[in-house]
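My request is simple: use the sequences and hints to build the entire structure.
Protein chains: 2
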Amino acid sequence: MNELQFVLPEEIEKQSFEIISEELKERNILLKKDQEMVIKRVIHTSADFEYADTMAFSEDAVNKAKELIRNGAHIVTDTNMALAGINKKILGGFGGEAHCFMAWERTAKLAKESNTTRAAVSMELAGEIGKPLIFAVGNAPTALVRLYEMIEAKVLIPEFIIGVPVGFVNVVAAKELIMRTKVPYIVNRGRKGGSNVAAAICNAILYELGR
Amino acid sequence: MNELQFVLPEEIEKQSFEIISEELKERNILLKKDQEMVIKRVIHTSADFEYADTMAFSEDAVNKAKELIRNGAHIVTDTNMALAGINKKILGGFGGEAHCFMAWERTAKLAKESNTTRAAVSMELAGEIGKPLIFAVGNAPTALVRLYEMIEAKVLIPEFIIGVPVGFVNVVAAKELIMRTKVPYIVNRGRKGGSNVAAAICNAILYELGR
Chain A
729 MNELQFVLPE EIEKQSFEII SEELKERNIL LKKDQEMVIK RVIHTSADFE
779 YADTMAFSED AVNKAKELIR NGAHIVTDTN MALAGINKKI LGGFGGEAHC
829 FMAWERTAKL AKESNTTRAA VSMELAGEIG KPLIFAVGNA PTALVRLYEM
879 IEAKVLIPEF IIGVPVGFVN VVAAKELIMR TKVPYIVNRG RKGGSNVAAA
929 ICNAILYELG R
Chain B
729 MNELQFVLPE EIEKQSFEII SEELKERNIL LKKDQEMVIK RVIHTSADFE
779 YADTMAFSED AVNKAKELIR NGAHIVTDTN MALAGINKKI LGGFGGEAHC
829 FMAWERTAKL AKESNTTRAA VSMELAGEIG KPLIFAVGNA PTALVRLYEM
879 IEAKVLIPEF IIGVPVGFVN VVAAKELIMR TKVPYIVNRG RKGGSNVAAA
929 ICNAILYELG R
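Just so you know, the protein sequences line up as chains A and B, in that order. Just remember that my numbering sits 728 ahead of the position in the first sequence, which is counted from 1. Just remember that my numbering sits 728 ahead of the position in the second sequence, which is counted from 1.
A pair holds if it fits inside one copy or across any two, identical chains being indistinguishable in the list.
Capping the alpha-carbon separation at 27 Å, the derived lysine-lysine pairs in DSS-like fashion look like this: (1) 859 with 837; (2) 840 with 742; (3) 910 with 761.
Treat the hints as calculated values from the structure; they're not laboratory data.
Written out as structure tokens, the structure is:
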């Protein structure tokens with residue numbers, strides 16, 4: 729529809745999801761019931777139907793993530809953009825908080841000292857939160873690699889990983905690593921993802937809980 | 729490349745842009761010199777080469793945007809995610825500031841009173857800043873429509889519009905409206921865009937100035 733239409737503000741999102749549902753049907757894509765709202769919200773945030781083909785979920789992932797949030801899990805992300813996008817009001821209603829350590833001076837200092845990325849250091853610092861953790865990685869594959877190393881070394885076992893960094897260097901491989909662990913995950917295979925996608929996945933889960 | 733490689737943190741971005749340049753060449757896409765870094769940074773942030781085909785620039789747009797920032801223009805965006813992503817350090821070095829009025833109580837109140845979106849109201853409130861303004865719209869087509877109406881009514885003439893809302897309702901039409909005005913623009917035609925894309929465009933321009 730290329731003509732401007734009058735749509736009430738509260739109707740815009742509803743109508744958008746109707747168009748997404750319709751076009752998924754035209755493409756003969758049938759989503760699993762429990763994954764549907766997550767994938768549709770990612771398409772809503774990107775206008776990119778490719779996500780319907782590339783998003784990967786571990787067994788019963790969405791319900792596990794809901795259960796974690798219901799029990800007060802915190803969310804740790806690797807970008808301040810995702811932090812800004814995550815619905816902290818609903819999260820807070822269950823006792824959770826969202827964190828991003830990327831802009832901390834301590835993060836920059838530690839990264840420089842160990843010649844690694846601030847994102848990798850951010851993952852280590854998360855251990856200090858002392859709560860069940862959902863990691864939402866929207867930018868840095870190095871964050872996923874560090875999580876994998878920590879899981880393997882049993883230094884930190886995340887309760888859940890949303891692994892959707894975007895990019896061209898090590899992104900594909902880092903996502904595959906995460907899918908090899910026993911940690912429940914939502915990952916977008918391939919190069920695509922981003923802080924907007926990370927926030928959209930968190931919010932899809934939060935909105936279902938917030939109803 | 730699907731194998732994990734060791735890449736120094738400072739090399740990741742450089743290597744990413746090399747891959748993007750290479751793949752653009754493979755696709756026989758030749759970008760205009762002045763638009764190149766903007767389009768490449770959008771591809772870097774989205775891993776989506778479609779942007780090379782759909783991004784539209786008014787005459788000499790990138791240089792005009794640079795000149796505005798050099799002279800202390802402020803940036804107004806319709807999402808807190810874009811606000812979080814914009815490099816405010818470089819912007820501030822030229823005297824500029826970045827603003828987002830979406831979360832203001834006053835914005836919500838005014839939107840409710842006039843049955844419009846907070847994004848549309850945000851555009852109106854920008855007039856109070858009293859500085860040359862670059863609008864960076866990454867989410868709401870209603871923001872672009874309101875900008876168009878204000879331009880037509882000569883209520884507010886922005887110095888520059890970055891028009892990259894994403895979505896399914898009125899997004900395509902709202903972008904076309906902006907391209908009909910005399911205001912310099914960078915727009916992504918079609919449904920795609922987003923707060924990440926809006927921030928990437930601002931940053932591409934800021935990074936070139938920051939060198």
